[in-house]
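Please take these sequences and the hints and turn them into a complete structure.
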Amino acid sequence: MTAAAALASPHLLGIEGLTPAEIELLLDLSEHYVQLNRSGQKKSDVLRGQTLINVFFENSTRTRTSFELAGKRLGADVINISPEVSSVRKGETLLDTALTLDAMHADLLVVRHPESGAVKLIAEKAGCAVVNGGDGSHEHPTQALLDALAIRRRTGRLHGLVVAICGDILHSRVARSNMLLLRAMGAEVRVIAPPTLMPAAIDRYGVTVFHDMSEGIRDADIVMMLRLQLERMRGSFVPSTAEYFRFFGLDRAKLALAKPDALIMHPGPMNRGVEIDSDVADDVSRSLVQEQVEMGVAVRMACLDLLTRKTPSNEGDAR
Amino acid sequence: MKRRFFKDARLLDPASGLDADGGLLAENGRIVDMGPHLIDGPDDAEAIDCGGLCLAPGLIDMRARLGEPGEEQKETIDSLSAAAAKGGVTAVVGLPNTEPAIDDASVVEFVARRAREVKGVKVYVYGAATRGFEGERLTDIGLLREAGALAFTDGDHAIADSQMMRRVLSYASGFDALVIQHAEDPSLTAGAVATEGEIATRLGLPAAPAEAEAMMLERDLRLVEMTGARYHAAHLSTAAAATELAAAKRRGLDVSADTAPVYFALNETELLEYRTFARVSPPLRPESDRQAIVTALRDGVIDVIASDHWGQDQEAKRLPFAQSDPGVVGVETMLPLALELYHKGEIELLDLLAKMTVNPARLLDLPMGTLTVGAPADLVLFDLDRPTRIDVASFLSKSKNSPFDGRPVQGVVVATFVDGRFVYDARDA
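Chains as they are written, first to last, in our numbering: chain A, 1 to 319; chain B, 1 to 429.
Check the hints yourself; a few may be wrong.
[As the list claims (entries may be wrong)] Here are a few chain B residues that face chain A, going by a calculated C-beta distance under 8 Å:
# : residue
1 : ALA15
2 : LEU143
3 : ARG167
4 : TYR171
5 : SER173
6 : GLU225
7 : THR227
[Unchecked claim] Residues from chain A that keep clear of chain B, each with C-beta distances beyond 10 Å, as calculated:
#  : residue
8  : GLU188
9  : THR196
10 : TYR205
11 : SER236
12 : GLY273
By construction, these hints were calculated from the structure, which means they are not laboratory data.
By construction, the Cβ of each residue, glycine as well, lies at the ideal position given by its N, Cα and C atoms.
Below you can see the structure in the form of structure tokens.
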């Protein structure tokens with residue numbers, strides 16, 4: 001596999017479309033920024049004079065802060081805006097916003113939107129690089145990259161690992177991006193959820209479907225728990241938090257079925273006692289949750305860096 | 001060590017196809033030996049001379065109302081258990097339509113405790129599929145199942161909303177749990193107490209089209225195909241629904257159905273004179289539907305006969321027809337009414353018994369319903385041919401609402417055993 005020097009696409013809209021070489025490149029550069037962030041000299045001037053706008057149509061603390069920090073450490077001017085999502089004439093508002101942002105001559109836009117595909121729509125109108133900060137139930141590429149980095153740093157590889165992704169797969173963009181990335185890098189991926197939270201034809205991602213967590217988690221190297229969207233929870237997807245925790249929550253008993261040194265991940269924020277027991281979430285020897293946050297900043301620095309590199313040509317398809 | 005030897009019986013085991021004279025030895029509540037080779041039992045065993053009568057697995061009634069908790073004036077687990085034993089029934093499965101509803105594991109445990117106290121026939125329950133039968137929110141199907149609920153149903157409420165039914169089937173499939181549906185479209189049946197047609201028109205009763213059943217069933221079958229769930233249609237009553245079900249089975253879907261004696265033994269003419277004991281849900285159908293149900297039983301399209309036992313007191317039945325509550329008592333009359341189909345030459349004896357023994361046992365994953373070494377000694381001893389008349393005055397059920405009072409039938413239960421012990425004994429009667 002020849003190492004790529006840049007990304008073929010001017011935007012980072014999803015893991016879909018990235019080659020394994022591009023993923024390697026992003027992870028390797030992220031590794032470099034992990035070292036930088038851990039050194040006394042955290043600042044770089046890679047993005048000096050450039051403007052990064054975080055456009056979050058959906059609430060977020062963790063992801064927005066992480067992008068903000070990434071931009072500032074690279075020397076960019078960073079501003080955050082949270083446009084109101086009008087319930088009527090949503091499409092028109094979104095395009096208006098895109099045109100407004102374009103007129104400001106930003107160099108980078110990080111966009112999060114509750115609707116799948118909305119970030120792509122903005123990218124088509126924007127005259128600069130766009131990073132998907134999460135769109136609906138579609139993709140959340142920087143989350144998948146930071147998860148991969150956290151795993152790779154601990155285990156030294158992605159290829160051949162058994163990764164069990166458990167929880168609300170149906171609504172999860174994190175799951176979709178992770179399935180794409182992990183399969184591209186040669187990991188074995190299992191998805192675990194009650195049938196009501198499992199999207200149709202999910203096996204087409206090359207993953208194995210489980211409805212019984214104790215079967216799905218067996219001998220896994222990595223157990224990746226997803227946040228149960230409590231607002232969607234009461235009612236007809238899942239009967240109750242008590243039942244969910246009993247059958248799909250990660251506790252010591254279920255974790256014991258995974259490999260003895262299996263690592264636990266969660267994209268946060270966690271619903272303790274719903275999808276994960278505090279006892280395992282806070283076990284520093286097993287839980288990667290804090291490391292995931294740290295990796296998030298490094299991965300976003302790498303993404304911003306790569307997307308603003310002036311390459312001679314993006315026409316030559318790196319794929 | 002308690003041993004009981006059943007001597008000189010006609011052994012009937014639908015699961016293995018056995019129909020032969022022989023003996024059966026039970027020890028500590030289980031069958032330890034049986035077959036034509038067993039002429040005499042061990043000396044230390046208590047011998048029961050069956051005198052050539054039929055000895056079959058105790059009947060499993062997969063649809064009944066326990067009365068408890070909430071309607072103890074109509075039925076209790078004590079009275080139902082005594083009535084069931086008299087009917088040759090050794091296991092009863094209660095609907096979750098109690099008060100409070102069985103939509104919480106604690107109610108499953110309450111019924112189990114009451115059944116242990118009564119120590120009569122075996123008593124099981126279904127869990128509600130949606131909370132309060134409102135068709136809006138799933139129940140804790142996993143936790144209810146762990147507590148002992150055998151399957152999931154909203155009882156006499158149809159789960160009407162397609163998205164909700166899809167979720168019920170989908171979620172239940174994750175636990176490999178059976179979903180049982182009262183298949184009638186409630187938007188068509190609301191307020192109806194009869195089947196649309198000449199009789200309902202002449203009586204001036206609110207009526208619903210028979211098609212309401214097939215329509216709901218057809219939708220359900222598509223959802224089953226979509227979700228891969230296990231599905232059972234309760235008390236099937238129309239020709240159109242039987243046709244739908246047969247087609248689904250040919251397509252290989254994991255679906256099944258039961259019917260109740262009222263739907264193969266009666267037709268809508270029972271409603272004449274406004275006899276409220278003939279008010280049932282779904283309502284009685286035209287004769288052509290009754291005949292189709294008999295055919296569906298014979299062809300194996302309908303897998304199970306269940307009593308659909310629902311005790312109603314005088315207050316619930318001594319009312320104008322449309323204001324009366326639906327339901328008939330049935331555990332004591334299920335066997336003789338089913339045997340009518342055998343005596344008329346409609347269905348082979350073992351096939352008929354299978355619908356009340358091994359078939360419901362398999363559907364509900366109950367380790368019973370067969371005469372097999374190691375199986376529990378749940379047995380019914382009955383006289384296949386003895387004529388009698390159904391007499392509600394002799395019923396042990398707390399309620400007497402039967403439309404069959406006075407009907408001549410052939411077939412009398414002589415004794416019933418649960419785990420090898422007598423729960424009913426009329427050998428001297």
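Hints, verified against the model:
Here the hint on ALA15 (chain B) is broken, as its CB sits about 29 Å from the closest CB of chain A, past 8 Å. About 5 Å separates the beta-carbon of LEU143 (chain B) from the nearest beta-carbon of chain A, less than 8 Å, and the hint is met. A distance limit of 8 Å between C-beta atoms decides the matter here; for ARG167 (chain B) the minimum to chain A is near 5 Å, and the interface restraint holds. Contact between TYR171 (chain B) and chain A, as hinted, is supported at the beta carbon level, the nearest pair being about 5 Å apart and thus within 8 Å.
Given hint, SER173 (chain B) at the interface with chain A, holds; its Cβ is 5 Å from that chain's nearest Cβ, closer than 8 Å. Checking GLU225 (chain B) against chain A: minimum C-beta separation of about 13 Å lies over 8 Å; hint violated. For the restraint placing THR227 (chain B) at the interface with chain A, the shortest Cβ-Cβ distance is roughly 7 Å, inside the 8 Å limit, so the hint holds. The non-interface label for GLU188 (chain A) is consistent with chain B: the shortest C-beta to C-beta separation is roughly 22 Å, beyond 10 Å.
Annotated as non-interface, THR196 (chain A) brings its C-beta within 10 Å of a C-beta of chain B; the closest such distance is 5 Å. Against the 10 Å criterion, TYR205 (chain A) stays outside the reach of chain B, whose nearest CB is about 19 Å from its own CB. A beta-carbon of chain B is positioned within 10 Å of the beta-carbon of SER236 (chain A); the least distance is around 5 Å. With a least beta-carbon separation of about 16 Å from chain B, GLY273 (chain A) lies farther than 10 Å from that chain, consistent with its non-interface assignment.
Violated hints for the displayed structure, listed by number in ascending order: 1, 6, 9 and 11.
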